[in-house]
Amino acid sequence: MARMRFLCDTERCIDCSGCVVACKEGNHVPVGVNRRRVITMKQGEPGEKSISVACMHCSDAPCIAVCPVDAIYQREDGIVLVSKKTCIGCGYCFMACPFGAPQFPKGNVFGARGAMDKCTFCAGGPEENFSKDEKQLYGQNRIAEGKPPLCSAMCATKALLAGDADIVADVYRTRVFERGSGVNAWGWSRAYKKD
Amino acid sequence: MTNSLNDIRHAKSMIFIGSNATEAHPVSMQHILHAKEVNNAPIIVVDPRFTKLAAKATEFVRIRPGSDAAFIMGLINEIISKGWEDKEFIRTRVAGYEEMVEVARHYTPEVVEDITGIPAAQTRQVAEILAKNRPTSLTWCMGGTQHHIGSSITRSFCILQLVLGNMGKSGGGTNIFRGHDNVQGATDMCVLADNLPGYYGLSDGAWQHWCRVWDVDYDSIVSRFPAKEWMGKKGFSLARWYEGVLNEEELETPTPVKAMIQWGCGSNSNSQYNRVVKALNKLELLVIVDPFPTIAAAVTKTDNVYLLPSASQYETSGSVTSTSRQIQWRYKVVDPVYDSKDDYQIMELLVNKLGFADEYYKNIKEVPEDITREINKGMLTIGYNGQTPERIKKHMENWHTFDIDDLQAKGGPCDGDYYGMPWPCWTEEHPGTPILYDISKSVKEGGLPFRNRFGDVTTYVMTGREEGQLAAKGVCNPGSEVQGGYPEFKDVVPGTNWKTDLSQKTIKTAIDKGMAPFGNARARCVVWNFPDQVPIHREPLHSPRPDLVAKYPTYEDKPNHFRVNTRYKSEQKTDLVKDYPYVITTGRMVEHMGGGAETRSSKYLSELQPEMYAEINPRLANNLGIRKGDMMIIESPEGSKIKVKAFITPRVDEKTIFLPFHFAGTLMGESYLQDYPEGHAPYVVGDPGNVVTNYGYDIITQIQATKDGLCKVTRA
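Line by line, the protein sequences give chains A and B.
Each residue of the first sequence is one higher than the last, beginning at 1 in the numbering used here.
Each residue of the second sequence is one higher than the last, beginning at 1001 in the numbering used here.
The reader is advised that the hints may include incorrect statements.
These stretches of chain B come out as covered by chain A in the derived footprint (C-beta under 8 Å, 3 or more residues) [what the hints assert, rightly or not]:
1) 1016-1027
2) 1455-1468
3) 1498-1507
4) 1603-1615
Pulled from the structure, derived: some chain B residues nowhere near chain A, Cβ distances all over 10 Å [what the hints assert, rightly or not]:
5) E1113
6) L1354
7) N1398
8) V1482
9) I1536
10) P1546
11) M1668
12) T1701
Per label pair, the in silico range of CB-to-CB distance [claimed, not checked]:
13) B:G1679 <-> A:P68: 35 to 45 Å
14) B:N1195 <-> A:Q136: 49 to 59 Å
15) B:K1655 <-> A:P68: 49 to 59 Å
16) B:K1394 <-> A:K132: 37 to 47 Å
17) A:T174 <-> B:V1334: 31 to 41 Å
18) A:E178 <-> B:M1231: 26 to 36 Å
19) A:K158 <-> B:D1181: 17 to 27 Å
20) B:E1284 <-> A:K132: 52 to 62 Å
21) B:Y1683 <-> A:Y172: 33 to 43 Å
22) B:K1394 <-> A:R75: 51 to 61 Å
23) B:Y1683 <-> A:Y73: 33 to 43 Å
24) B:G1235 <-> A:Y172: 51 to 61 Å
25) A:E178 <-> B:I1261: 47 to 57 Å
Keep in mind the hints are simulated off the structure, nothing from the lab.
Virtual Cβ for every residue (Gly too), placed ideally from N, Cα, C.
Let the hints inform the model, and build the full structure from the sequences given.
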């Protein structure tokens, strides 16, 4: 069984936010809710790097462990999803998640959280595939259509890889091999301080 | 672009100067990063800012805005003094070399350091990287062109590539990135004040050529002008059209401009924006054709404004030309929504209403295919004749058969063609020309020499030396009947040349002889019809270095420059820097596009970039008492002001302020939001950066100099 994974290649990510906009447009995510965002470190300085981050669909997902109503579950292919009809919006998952992935609707006066929303790997939710309910609550189900998630499909530089972990790893391994010591591997010249 | 985006995959090094491809051309980055990763090709980024592209560079060179020509001439000088120039390429395919070297000698690394701020050691290092990693792909964008010496700066880039022998080679070339999928197409159609479509110019012969193509009586075209002499004269340019309305400067025009159609134009991309607004309000008629009401609609307070809602690119179809000179077909996804109509319908309705249809619209029966066919028929100068609508569509349907590396179809229905038939595509059998000036292939297979455009022999004013302009003996494309240089083809059909022979017999004869219709000549380093025959540095009109103005002064004032008197010498005041001590430069952000009418109306893009700002270095911000989140007032020497948020970042140095130019909708606290049609205001508004970009225009093209002005900054 394939295990789904994201990998953002920071040598390739150019901080264009194409992934963010593709996700929001394609899944009709409300303004203020960010299933994915691009983080930049050392902006404007040598060493500036950007990375696109969303739910990592962890193997041992802390959000699942802490959810008091068992609204969060993991599919066989590793994709972590939430049932919005079960979620009580307590925010435990938000505290447990190391990546800040769980999102909550904005705008209620008393801060009522509403059901949690996060990256679905474009795999919809527990409702029937392609049903109206599924679309309204979670957006597209591209995995059921045999397509990659919108974010990685849109990525201009193919920095954001998504899919079967084995294949993603192969693609990345080939890149690292091709880069040699020029970009980020410790090669001969670096080992002997020649650069 | 002489090469293509894909061909950058073959570069052994890349230099970007005045280009921020990561933000302006993100899709190109997959090829650029491929060359970096697979070829281990160094990326050199020359820019006043540490841009997002610089973050991907192996060598970042911070340059003072407007000093590009000095840096490039310095590189040339360094390359030649080390003996790294491509001697054989220069001997056989370059003209005016000795004259150019004479000028370049002045720009030693130390002189370059004084002018540009680039350490002499870094100039030497960059020269060495370029010399030892050939071929180099060189890219520039508006950071190279938008200066009063923009035409000299861009020529220096070309000369650098000639000296290194990087022209006509895979992985080399001068690769100027164009904005979206049809900016090159718009350029080729010459939506310009000094040209007919296909760069034919404005001569009588050019008008007669197009009259034959359009099947329109020449005299009827003449009758549309106030007098025949105006047909051959340049019009007002995009950069200064508003002066034609305001009538305050010295003009040479039969009448001031009274009416205007802005078709897909963000007026806030014009510098001197306060004058633009004044002109918009003086027009007797303003028609705006756009999917979104632009800022021009909101700032114009008169009753004479008409908004024609046009369809987006998804609601229409037709041929478009990409940055790599490739022609593609846009297919319609949905019918135009609400009241909008596509551009063809709007044009047809206008032509009918104005009563021109019988004469000027008679050849257009099948829309839009017949428009592409008219282009095929007339634009012989740049070989737009082989890309018929049928062939273009066939390419679109067989994408998968083209190779990502060399763009050629391997088998399938398009076997041997290059994707999109990059122009020139000389005949309906020709595969297209993926790399310009490449003499390793026959012309029939997509090769080309340099064009013979400037005579056969020239005597240089500077040295008195006489030189042949045709390529050296033995240098030509394989299979050429003439072994060496040859002039352009003419009189195959008497009285015509390859550009004006509508039967295209001349072009076919040349191809059959294995020769290029436009001849086989040398690329020239000396342009005898320009004020600077060889590129030199001249200080920006508003210079932060008064000491350099004396040494590198600007031009004399130029009356009747695209109909408007244009100030150079009288504008270059050395004491300006006392009151306006910081350099102002502008650019793009990845989330917004052009004037921003479309992108600021997208809620998700607006969420990502919700506010106008100016980049300011932390040190300068602290010296001026400006803290994170503070508003600042930026004032130009013309006295215009904007109020924007401070974005404190080391991207810019302590002397430079950077503004994105995509915003509009407010000015110094005043909002125009209520002036948009109800429900059509953009989500995001801000003060337009171009209110404070300075006076200044290129001496040849009149492009606005938005990249090297001066300003004053205070805490609001």
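Check each numbered hint from earlier against the structure, then list the numbers of those it violates in ascending order. 2, 3, 18, 22
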